[in-house]
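Colleague: Per full-length UniProt numbering, residue 1 is the first one in the sequence shown, and the count goes up by one each step.
It is possible that some hints are incorrect.
Estimated spans, in silico, between C-beta atoms of each pair [stated by the list, open to error]: (1) Val80 - Ala25: 16 to 24 Å; (2) Arg82 - Gly57: 18 to 26 Å; (3) Trp6 - Ser48: 13 to 21 Å; (4) Phe58 - Val30: 15 to 23 Å; (5) Gly2 - Val29: 28 to 36 Å; (6) Ile46 - Trp6: 14 to 22 Å; (7) Gly53 - Trp75: 21 to 29 Å; (8) Leu50 - Ala25: 12 to 20 Å.
Since the hints were derived computationally from the structure, they do not count as laboratory data. Using N, Cα and C, we set each Cβ at its ideal position, and we do this for glycine too.
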Amino acid sequence: MGIILWIIFGALVGWIASKVMNTDAQQGVVMNIAVGIIGAILGGWIMSLLGQGGVNGFNLYSFLVALLGAVVLIWIVKAVRR
């Protein structure tokens with residue numbers, strides 16, 4: 001994916017993950033993009049540990065993998081902050 005698609009994909013995934021984890025009021029646009037992109041990388045790594053593919057384009061499977069990674073990332077950050 002190109003850099004523009006990574007930013008759009010990251011923003012969408014980060015925003016949905018922040019809604020799921022109830023942290024949307026604490027995150028801005030830049031944080032949503034960062035959470036989405038890092039979540040996509042983390043989700044791909046988690047899926048590779050399970051023997052599956054990671055993020056490989058702009059499709060539903062990649063979206064769900066990135067969302068999984070973003071939710072795990074937000075959960076880890078919330079656990080560390082406590």
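Colleague: So does Trp6 sit 13 to 21 Å from Ser48, Cβ to Cβ?
Modeller: Holds: the Cβ-Cβ distance is about 19 Å, inside 13 to 21 Å.
Colleague: Can you tell me whether the CB distance of Gly2 to Val29 sits inside 28 to 36 Å?
Modeller: For Gly2 and Val29 the Cβ distance comes to about 19 Å; the hint is violated.
Colleague: Quick check on a hinted range of 16 to 24 Å for Val80 and Ala25, using CB atoms only.
Modeller: holds (19 Å)
Colleague: The hint says 18 to 26 Å between Arg82 and Gly57; measuring C-beta to C-beta, is that right?
Modeller: violated (36 Å)
Colleague: Mind checking the hinted window 14 to 22 Å against the Cβ distance between Ile46 and Trp6?
Modeller: This hint holds: roughly 18 Å between Cβ atoms.
Colleague: Is it true that the C-beta distance of Phe58 to Val30 lies inside 15 to 23 Å, as the hint says?
Modeller: holds (21 Å)
Colleague: Given a hint of 21 to 29 Å, does the C-beta separation of Gly53 and Trp75 actually sit inside it?
Modeller: Since Gly53 and Trp75 have Cβ atoms about 23 Å apart, the given range 21 to 29 Å holds.
Colleague: Is the distance from the Cβ of Leu50 to the Cβ of Ala25 consistent with 12 to 20 Å?
Modeller: Given a distance of about 33 Å, which is not inside 12 to 20 Å, the answer is violated.
Hint compliance for this structure: hints 2, 5, 8 are broken, all remaining hints hold.
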